[in-house]
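Here are the chains, one letter per residue:
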Amino acid sequence: MSTVTVTLKKQPELYFEADLITPDQFAGKSAEEIGAVEISEGKIKYPLSTVATIGGAPGVTAAETMIVLNGDWSRVKRIGQQMTAGEIVINSNTDMYTGGWMKGGKITVNGDVDSFTGIAMAGGELMVNGKAENHVGCAYRGDWRGMTGGVLRVTGSAGNDIGTFMRGGTIIIEGDVFIHVLTHGEGGTIIIKGNVEGRVGGQAVKGAVYVFGTIKYMMPGYKYVDNVEAEIDGEKAVFAHYIGDLGERHPTSKNQIVFANLYLKK
Amino acid sequence: MSEVIKNVACPYCGACCDDLVVTVENGKILEVQNACVIGTEIYHHASREGRVGSPRMRQPDGTYKDITYDEAIDYTARMLIKAKKPLIYGFGSTNCEGQAAAGRVAEEAGAVLDNCASICHGSSFLAIFDTGYPSCTLGEVKNRADVVIYWGSNAAHAHPRHMSRYGVFPRGFFTNKGHRGRKVITVDPRYTDTARCSDIFLQVKQGHDYDLFDAFRMVMRGYVDDVPEIVAGIPKEKILEVCDIIKMGRYVHIFFGMGLCHSDGRNHNVDIAINLVRDINEITKCTIMAMRGHYNIAGPGVVWSWQFGFPYCIDLSKGSHAHMNPGETSSVDLANRGEVDAFINIGTDAGAHFPIRSFEKLGSRVPMVTIDPSVNMAATVSDVHIPVAIVGVETGGICYRMDNVPIQYRAVVPPYNGILTDEELFNRILNRMLELKTEGIECDGKWEYAKPLPSLIPVKIEPEA
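Protein chains in written order, with our numbering: chain A, 1 to 266; chain B, 1001 to 1465.
Among the hints, erroneous ones may be present.
Here are the simulated lysine-lysine pairs, BS3-like style, with alpha carbons at most 25 Å apart [to be verified]:
hint	chain 1	residue 1	chain 2	residue 2
1	B	Lys1142	B	Lys1177
2	A	Lys103	A	Lys206
3	B	Lys1318	A	Lys9
4	A	Lys236	A	Lys254
5	A	Lys216	B	Lys1238
6	B	Lys1285	B	Lys1183
7	A	Lys223	B	Lys1236
8	B	Lys1183	A	Lys45
9	A	Lys10	B	Lys1361
10	B	Lys1205	A	Lys216
11	B	Lys1361	A	Lys216
Facing chain B, from chain A, some residues (calculated, C-beta under 10 Å) [claimed, not checked]:
hint	residue
12	Asp95
13	His135
14	His180
Stretch-level coverage of chain A by chain B, calculated; a stretch enters the list once three of its residues show a Cβ under 8 Å from a Cβ in chain B [what the hints assert, rightly or not]:
hint	segment
15	9-15
16	27-38
17	55-68
18	139-149
19	216-229
Quick caveat, the hints were computed from the structure, so don't treat them as lab data. Glycine included, every Cβ here is placed at the ideal spot set by N, Cα and C.
This is chain B alone, in the form it adopts within the complex (with noise of 0.2 Å):
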């Protein structure tokens, strides 16, 4: 007999559609309504053969040997406790129990916890702390916005109903016209569908967002005989033309995404960006916001500012207080700059994301145990590889949508194999090392995993004589 559960929140992207229909027989799902196609794909990734059921060691030869929890959580602990300086890295895609949990860990291990923020939206935080961030919730976008701009952010493909639910088409209490209502700029170097979707297109020069934001708040500031006549790329009537439909505008909403944090400048990009939003608010409403990726990698922001008082690369080796510089405390730094023992990939995959000159550093000289209920790259150079719940799958949680609003993730079928949830894993680590600590067990310099293993040292490929 098959149940339709409804009102399911969707463990994809940022979004967090939380109006999936799930239909599910015997443990097993068997569709799934309203979803977008790769949100689809990860409750059938669910279901599908080939599942790992149990942690696995790497053993000499390469191959992977099945253990007991007890045995990897005796791994794990043994390594957060003898590393130097642990790094916990990851979390995107689990939900805030398990966040939690990780911080009591990496607490207790010394360890520097980073989440995927680090490589993604990390530079929008930097750029938070200096000038503040004048935002809204997507509902508010979706009932009010009438001038809707996407920078430096493709929609259409990074977060598939964004658009559809708050962004371009839905009809809000205030904006009952849908699309016809509503004026959609995209400013990107490319033209992606984002832009096929908008009203106009500013194809910005890549890497110059930074003087087109300027340009904007001088226009704004009323310095408008002094803008250049094209500024990266931009001729100069054309930005007056958009700065009229900001001004004309009742509510105007900038999405900013990796264009902006990921090209030259970073922080500074954003930075201006909330600055522009600020000198909007003179003469219309504006708010900003950040189009995060994973479903809930706000939620460590929220979860560790709680915690530890900022919201990732968070050094806790000190013991006495934590400190936080991305730069320097950063994953991809620490990585780069070799100033980290002991890996451990949760929730993520810093295989597929991280620079390859820096995982291979990681991969061939630190002892790494990847978290996470596929084998994705990261789990095929692992030392220790240890399956979880997958989580809006198998179990339920807390998770912050993009505009930080909490929403009640459900499990709609039982963990496969009888697999731990990210938080009763983390959890269960803890104890471990508690009790390794009370035996003696403690981080003396003398590291004995220290030796990278030989079928993991970076292949040097010779090019072909």
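Chain A extracted, bound-state conformation (with noise of 0.2 Å):
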């Protein structure tokens, strides 16, 4: 795998926008292709080679490339959106949207991320050693299709929104949430590692939660079913079963209603 490193040099007076950062775009381009990649910040545009230095050189396909990015990138938005293949690391903080649409490859990110960190995720890996805020996996706005695929990890806490209209896919909170797990969930996991405050499955049709610390505030669409033992990531343990949202639409399969399953760890 080649990779480009990317220094930024030169900080926005608000925020810049990266869509373009990402191994689909730098793909099979010589250098100078590489600094001609905008980077935009409000109306203005700016070729990339302009705010930050480059090295190193991309593969043929986006498979082969790994982008590097060092320097402060805290204020920077939408870094590997949409990417398909490749790699990225990030040892910096970044702004919102990081991974947002992405549908395969690798971000690591080593600092904290912002909002709407990989919103409508398709397939890949997204791996946060940080924290984040808000809307993690979770639907654009008016999208009853939310994240549908991949995994996406943050080592440490998070906001609120995590995986609404969630329909596949893999998300682990190791930290704590506020509320909002699996919102109009239609699908997928959720695993938070640390304290929930409430609402974790609130108009669920479908999907699973295991939260292995407490949740203040039970949503009283939760109606309790058994104790089950499972190994969930690496971790096992005896989880308190819980079916829901009692209060949503479910659909039936051979003539029994699907429901979305809460794991309390006991």
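Can you join these two chains into the complex? Each is in its own frame, and there are hints to help.
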């Protein structure tokens, strides 16, 4: 795998939008062509070379390209948006939409991320070695198709709206979460290692949530069924199993009503 | 000789009362009948001493000097062109013609266009995107509804004539017993004056409306036995009692307000309310409506959805397409994050309504223009204040009531001192921008206004020793 290193030299007065920094865009390009990739700040578009220094060379295809981002990227949005293959390593905090709509490949953020991380993610792997804000792996506004695939892991805490309208894939939050986990869920798995304030699985049709910590306010629509023992993310434990949301519509499969499942570690 | 003008629509709240009778003489308003006390005050404000009759520019010493409209328009047009990402926010208190003209300016400027819904019923829009809006007109509520629910909304104070015109007291075609034939239910953490007029009051635990909606939905879906004994501070038997009233109703209507949009979860609180309406419609007829605040705050949602496809938080800075994502393109977030470099406050008061920390960031960092008939809080820290005619008093136009019914507003007196209307002002700003662009003025990233005025830097108050 060939590596391109981009070091941010100039900070924006507002915020940069770097939706073109993906292996898909860089693959097969010369250093000049990568330097001409646009990065925008409000109405203005700058060539990447005017705000960052670029080293190394990309591979022929996206899958053979790795991008390493150094410097301070905490005021840069949309890194890795819609990427399909390859790898991005960000040695900094980032702003919103990191890995949004990504379909494949891998992003590693060695820092914190802001809201809308992994929004409408469809595949690949997004690893955040830090904390996240709100709307992790959620749907875009008004879209009933949220995250459909891939693995999104946050080692720190996150805010609210985790996996809203989720249909597939896995979200793992190793820290605490505020409210709204798997709201309107239609599938997928969310694992919370810390505590949650409340509203876990509200209006969820299908899907599974595992909570290792506590839930301060349980949704009234969840009903205790039984205890199950399971190995989740390498950790074996006994979980109290609830089904719900009883206040939401549910499909029928083989004459059985399919519910969303909530597993709370005992 | 005084003149009596009938059927005047009121420019105060979203109920848009259109039965006002205004008496005028020699361009002065003498008397306003039928309006609530706040609506009356808006009319008398137009005739009061101390109106600003000309645009004003802030001087380095903090005082204001009168300038001409041409100078004010030139400053605003240059600011919009030069800024990398200007924000145009407000529009709750202007007509649709002004909002459409501002839309054209925003598109030319590559600005973010936002309205007061951003800090009000914007979260309701997000819920409506997710689940739809089974609504009706206020006439249907008046003529049909026999169960009316005010959820997180204090109509008695925020929409003073709403209960008498539509919600509680009026006698309609199928509701000829007035309030005696209606069951009124109020859900609120506080015992409000609206609750005082209700048959049933549910004192929901603050921030737990979502849980209570879930319990209601469980009952509607037949899971009565699984409802916990207490949900959000409400005992189960009370929930079942209210659900029975709803099920027995011929036409149920829910009015919801800031209690849902501005407590934790925001759009999801509204979203689950709309889903409850869907559930109730399996049993009886039910509709829902947002208690919109200003008289034309429904207007930008209608006008800009037609112009740009989105009702609010519209980022036009890309030039190629409109982008909307509240949380990123919403005014308060843009201000908090330092993501705009020019600000126009029009037909609202960001100084009074924004969180103080976000307004401080705007006031101390970016050039600001306020377009408003009055000297409001935002105007006191703006670089330029441009007065305009008061819609519904000095100029007419189309305004959308809270149920998205357009109402034709009328002028009862001529504009004070010949000041411009919002539409005329924005059209002239657009023309000036086009002129400046042909002269070669463009957004080049060199932002000459970026230095904060020293007098506007927030003062840190040291605690007394």
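Each hint, compared with the structure:
For the hint pairing Lys1142 (chain B) with Lys1177 (chain B), the CA-to-CA distance comes to about 11 Å; that is within 25 Å, so the pair holds. Note on Lys103 (chain A) and Lys206 (chain A): the hinted pairing holds, with a Cα-Cα distance of about 23 Å set against a maximum of 25 Å. Restraint check for Lys1318 (chain B) and Lys9 (chain A): satisfied, since their Cα atoms lie roughly 24 Å apart, inside the 25 Å limit. Between Lys236 (chain A) and Lys254 (chain A) the CA atoms are separated by roughly 30 Å; this puts the pair beyond 25 Å, and the hint is violated.
Between Lys216 (chain A) and Lys1238 (chain B) the alpha-carbon distance is near 24 Å, which keeps this suggested pair within the 25 Å criterion. Using a Cα cut-off of 25 Å, the hinted pair Lys1285 (chain B) and Lys1183 (chain B) holds, with the two alpha carbons roughly 15 Å apart. With a C-alpha separation of about 16 Å, the suggested pair Lys223 (chain A) and Lys1236 (chain B) falls inside the 25 Å cut-off, and the hint holds. A threshold of 25 Å between alpha carbons decides the hint, and for Lys1183 (chain B) with Lys45 (chain A) the separation of about 59 Å lies outside it, so the pair is violated.
Of the supplied pair hints, the one linking Lys10 (chain A) and Lys1361 (chain B) holds, its CA atoms being roughly 22 Å apart against a limit of 25 Å. The straight-line distance between the Cα atoms of Lys1205 (chain B) and Lys216 (chain A) is roughly 14 Å, inside the 25 Å bound, and the hint therefore holds. Between the alpha carbons of Lys1361 (chain B) and Lys216 (chain A) the distance comes to roughly 35 Å, so the proposed pair goes past 25 Å and is violated. Against a cut-off of 10 Å between C-beta atoms, the interface hint on Asp95 (chain A) holds, since the closest Cβ of chain B lies about 9 Å away.
Below 10 Å, beta-carbon pairs count as interface contacts, and His135 (chain A) has one with chain B at about 7 Å; its hint therefore holds. The closest approach between the C-beta of His180 (chain A) and any C-beta of chain B is roughly 6 Å, which is under the 10 Å cut-off, so the hint is satisfied. Only residues whose C-beta sits within less than 8 Å of a C-beta in chain B count toward coverage, and the segment 9-15 of chain A has 3 of them, enough to reach three; the restraint holds. Under the rule that three or more residues need a Cβ within less than 8 Å of chain B, the assignment of the segment 27-38 of chain A is violated, with 0 such residues.
Check result for the segment 55-68 of chain A against chain B: violated, 0 residues qualifying (beta carbon to beta carbon below 8 Å, three or more required). Residues of the segment 139-149 of chain A with a Cβ under 8 Å from some Cβ of chain B number 4, which satisfies the need for three, so the listed coverage holds. Coverage of the segment 216-229 of chain A by chain B holds. Counting CB-CB distances below 8 Å, 5 residues qualify, and the rule asks for three or more.
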